[in-house]
Every structure is written in structure tokens, then in C-alpha cells.
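Chemist: Let the sequences and hints guide you as you build the complete structure.
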Amino acid sequence: MVIIAELKSDDKMIGVLTVSPKDFKTGSRGFYGQSKIEIDGKRYQVQVQMVEIGSKTKTDEK
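Okay, so the sequence shown: first residue is 1 according to this note's numbering, each after it adds one.
To be clear, the hints were calculated from the coordinates, so they are not data collected in a lab. Be aware that a few hints might be false.
Unchecked claim - Below are the DSSO-like pairs computed for lysine-lysine, each with C-alpha atoms no more than 27 Å apart in a straight line: (1) K12 with K42; (2) K8 with K22; (3) K36 with K12; (4) K36 with K8.
Claimed, not checked - Derived CB-CB ranges, DEER-like: (5) G30 with L7: 16 to 24 Å; (6) M1 with K42: 27 to 35 Å; (7) V16 with K42: 13 to 21 Å; (8) K56 with I3: 19 to 27 Å.
All residues carry an ideal CB built from backbone N, CA and C; glycine is no exception.
Modeler: Encoded structure:
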């Protein structure tokens, strides 16, 4: 599954981000995406992180 995140301001689309499945170093699972967007001539780096609650198993925890 791939998630598409739309960034809007005042109902105007300012960016679209693809958020893909990821296995994090911590042992948790979820989704992650990053991109760069421009707003009023200024560039920004955008990140979306979604972590599945309870996805880290007890054996992965320190």
C-alpha cells in the first residue's frame, strides 16, 4: 500500500507527498515520505511519518 498525502493551504494544493511502507530502525513498522515544496518563493523540506501503534515487538525493545 502507498499513501498519498496532499498538503493544502486555504483549499489550494501546495504539495503532494508519496508515503511508502517502512520498517524503522527501532523495530516499529509504518509509513514514511519526504519531499521539498515551495511556498511564496521559499523552499521547505516536508516529512510525514506514520508509526503503527504496537508494531514494535517486546523482543525488539531494549
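Chemist: State for each hint whether it applies.
Modeler: Hint-by-hint comparison with the structure:
no.	hint	result
1	K12 with K42	holds (16 Å)
2	K8 with K22	holds (25 Å)
3	K36 with K12	holds (17 Å)
4	K36 with K8	holds (14 Å)
5	G30 with L7: 16 to 24 Å	holds (19 Å)
6	M1 with K42: 27 to 35 Å	holds (32 Å)
7	V16 with K42: 13 to 21 Å	holds (18 Å)
8	K56 with I3: 19 to 27 Å	holds (20 Å)
The structure meets every hint from the earlier list without exception.
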